[in-house]
Amino acid sequence: MAAETGKGGAGLSEIQSEIFQAFATYVALLMLKMMVLSYFVISERILKGQFVVREDYEGFGDPQMSKEEIRRKTASRDLYIERIRRCHRNDLENIIPFVLVAVVYILFTNPTTESAILHIRIFAAARIFHTVAYLLPLPQPCRFLAFLVGSLATISMAIRVIYEGNF
Amino acid sequence: MAAETGKGGAGLSEIQSEIFQAFATYVALLMLKMMVLSYFVISERILKGQFVVREDYEGFGDPQMSKEEIRRKTASRDLYIERIRRCHRNDLENIIPFVLVAVVYILFTNPTTESAILHIRIFAAARIFHTVAYLLPLPQPCRFLAFLVGSLATISMAIRVIYEGNF
Amino acid sequence: MAAETGKGGAGLSEIQSEIFQAFATYVALLMLKMMVLSYFVISERILKGQFVVREDYEGFGDPQMSKEEIRRKTASRDLYIERIRRCHRNDLENIIPFVLVAVVYILFTNPTTESAILHIRIFAAARIFHTVAYLLPLPQPCRFLAFLVGSLATISMAIRVIYEGNF
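Residue numbers (the numbering used here), protein chains in the order written: chain A, 1015 to 1181; chain B, 1015 to 1181; chain C, 1015 to 1181.
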């Protein structure tokens, strides 16, 4: 570990503690943002009566629906619900790797507070804008640029870790 | 970091070590529970001869199947396999954020052992019940309540982190 | 925590620091490998003009396309793009749990450097081979064995954590 305390073990340097303190808040914020999409899908499904498994129609849908209607409705897809689900999946594919890469970047490459916080803030802003661009939706290339900026922040940190790393 | 040791670096307090020791076991348990779903999908696919890519039909399916049959079978969907896959995706969307939020919650908000372990146990119980409710399936709102309880445990921790946090 | 420094707090032992240093590089590498799949999907979509939401056709597709054509093209699926997306999802389902389980395994079971690094290297090799086997594709059971080996590395670590754990 980069920040050895020199006593045979390793702790965090003051700079790392400072970075992690801000990082923690962004992690909580981004996870919350991502989880809100689950609730958005649920509320859309209930409002539109559009579910994907039988027991959801029985529990939340119109009790008069015939089996045939349920089968037809399950096979169809609501475009906006699929859009929220895609947004959610894109978050999973981008935010989780960001968090894991950021942790090893902060611990093992000894970044300055400024550099680390900059990566974290740019990523968070890009992903919040990505969600807005996906759900409104904004015309392309808004969503693409949001994805690109967030992705490059993570890649920049990952490359730094690999560059200083040993296999 | 909340648990500064006061020597310029930061270590874990005894309480945090105690919490993390229990947390570690639940992380391993929940990941194992989630990964078992991969094997469940694989065994269902082989038993039903229902795959999604050509080389799977060639390697695991009936060798006499015509190209036309393979195309038709790939386009169709087995409802129960899709159900397991949805259960697995729901786990990804909920368990991974829980683990990441719990780490920053334990490290940066100085929770009591009781409060932290309670959050972790409630979440684990809710997610195990969620899997049972999805796969049997149990009538709604069983699965919805399981999702809700697990989700609220994570949100409760995330809000605590944000409340004490700095941007 | 297994590696108590005996001063009321807990730090990392020298062995753990050594393991984490190598682990960090593999985390960055595996995340990078996973994220490259996003760019692969994007480039395939642009090359084939096959998108899933309306604004992508307007921003990146043929501007002369009629609404009817867009609707038809959105409903159809490109088999190779779906294959890359499945590969990406399989990575999410396997690599993220590996990283989280490996962290608690290194911190709480006091593995030897050899044993820990072996788990990490086997997993990384298996997942890189899995991606190659999925995207070329190689005949089965190549992809299945790659999944199996990676999955067993994670399960082996998880069981070790649970075995030594307390609830």
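Worth double-checking, as some hints may not be accurate.
[To be verified] DSS-like cross-link-like pairs, simulated, lysine-lysine; straight-line CA separation at most 27 Å: (1) B:LYS1081 to B:LYS1047; (2) C:LYS1062 to C:LYS1047; (3) C:LYS1081 to C:LYS1062; (4) A:LYS1062 to A:LYS1087; (5) A:LYS1081 to A:LYS1062; (6) C:LYS1087 to A:LYS1087; (7) B:LYS1062 to A:LYS1087; (8) B:LYS1081 to C:LYS1087; (9) B:LYS1062 to A:LYS1081; (10) B:LYS1047 to A:LYS1047; (11) C:LYS1062 to A:LYS1047; (12) B:LYS1047 to A:LYS1087; (13) C:LYS1081 to B:LYS1081; (14) C:LYS1047 to C:LYS1081; (15) A:LYS1062 to A:LYS1047; (16) C:LYS1047 to B:LYS1087; (17) B:LYS1062 to B:LYS1047; (18) A:LYS1087 to C:LYS1081; (19) C:LYS1087 to A:LYS1062; (20) C:LYS1047 to A:LYS1062; (21) B:LYS1087 to A:LYS1081; (22) C:LYS1081 to B:LYS1047; (23) B:LYS1081 to B:LYS1062.
What the hints contain is simulated information worked out from the structure, not anything from laboratory work.
Outcome of the hint check:
1. Between LYS1081 of chain B and LYS1047 of chain B the CA atoms are separated by roughly 36 Å; this puts the pair beyond 27 Å, and the hint is violated.
2. A threshold of 27 Å between alpha carbons decides the hint, and for LYS1062 of chain C with LYS1047 of chain C the separation of about 23 Å falls inside it, so the pair holds.
3. For the hint linking LYS1081 of chain C to LYS1062 of chain C, the alpha-carbon distance of about 18 Å falls within 27 Å, and the restraint holds.
4. Proximity of LYS1062 of chain A to LYS1087 of chain A is assessed by CA-CA distance (about 11 Å); at most 27 Å being required, the pair is judged to hold.
5. Distance check on the hinted pair: LYS1081 of chain A and LYS1062 of chain A sit about 18 Å apart at the alpha-carbon level, within 27 Å; holds.
6. With a CA separation close to 21 Å, the supplied pair LYS1087 of chain C and LYS1087 of chain A stays within the 27 Å bound.
7. Of the pairs offered as hints, the one joining LYS1062 of chain B and LYS1087 of chain A holds, with about 25 Å between alpha carbons and a cut-off of 27 Å not exceeded.
8. Under the criterion of a C-alpha separation no larger than 27 Å, the hint pairing LYS1081 of chain B with LYS1087 of chain C is consistent with the structure, at around 23 Å.
9. A C-alpha spacing of about 24 Å is found between LYS1062 of chain B and LYS1081 of chain A, which places the hinted pair at or below 27 Å, so the restraint holds.
10. Using a Cα cut-off of 27 Å, the hinted pair LYS1047 of chain B and LYS1047 of chain A holds, with the two alpha carbons roughly 25 Å apart.
11. Between the alpha carbons of LYS1062 of chain C and LYS1047 of chain A the distance comes to roughly 32 Å, so the proposed pair goes past 27 Å and is violated.
12. Taking the CA atoms of LYS1047 of chain B and LYS1087 of chain A, the gap is near 31 Å; set against the 27 Å cutoff, the hint is violated.
13. Straight-line distance between C-alpha atoms of LYS1081 of chain C and LYS1081 of chain B comes to about 33 Å, which puts the hinted pair past the 27 Å bound.
14. For the suggested pair LYS1047 of chain C and LYS1081 of chain C, the alpha carbons sit about 36 Å apart, so the restraint of at most 27 Å is broken.
15. A C-alpha spacing of about 23 Å is found between LYS1062 of chain A and LYS1047 of chain A, which places the hinted pair at or below 27 Å, so the restraint holds.
16. Proposed proximity of LYS1047 of chain C and LYS1087 of chain B is contradicted: the alpha carbons are some 31 Å apart, above 27 Å.
17. At most 27 Å may separate the alpha-carbon atoms for a hinted pair to count; LYS1062 of chain B and LYS1047 of chain B meet this at roughly 23 Å.
18. Our distance criterion of 27 Å between C-alpha atoms is met by LYS1087 of chain A and LYS1081 of chain C, whose separation comes to about 23 Å.
19. Taking the CA atoms of LYS1087 of chain C and LYS1062 of chain A, the gap is near 25 Å; set against the 27 Å cutoff, the hint holds.
20. Straight-line distance between C-alpha atoms of LYS1047 of chain C and LYS1062 of chain A comes to about 39 Å, which puts the hinted pair past the 27 Å bound.
21. This hinted pair checks out: LYS1087 of chain B and LYS1081 of chain A have alpha carbons roughly 23 Å apart, not beyond 27 Å.
22. Distance restraint check for LYS1081 of chain C and LYS1047 of chain B: the Cα-Cα separation of roughly 45 Å exceeds the 27 Å cut-off, and the hinted pair is therefore not satisfied.
23. Restraint check for LYS1081 of chain B and LYS1062 of chain B: satisfied, since their Cα atoms lie roughly 18 Å apart, inside the 27 Å limit.
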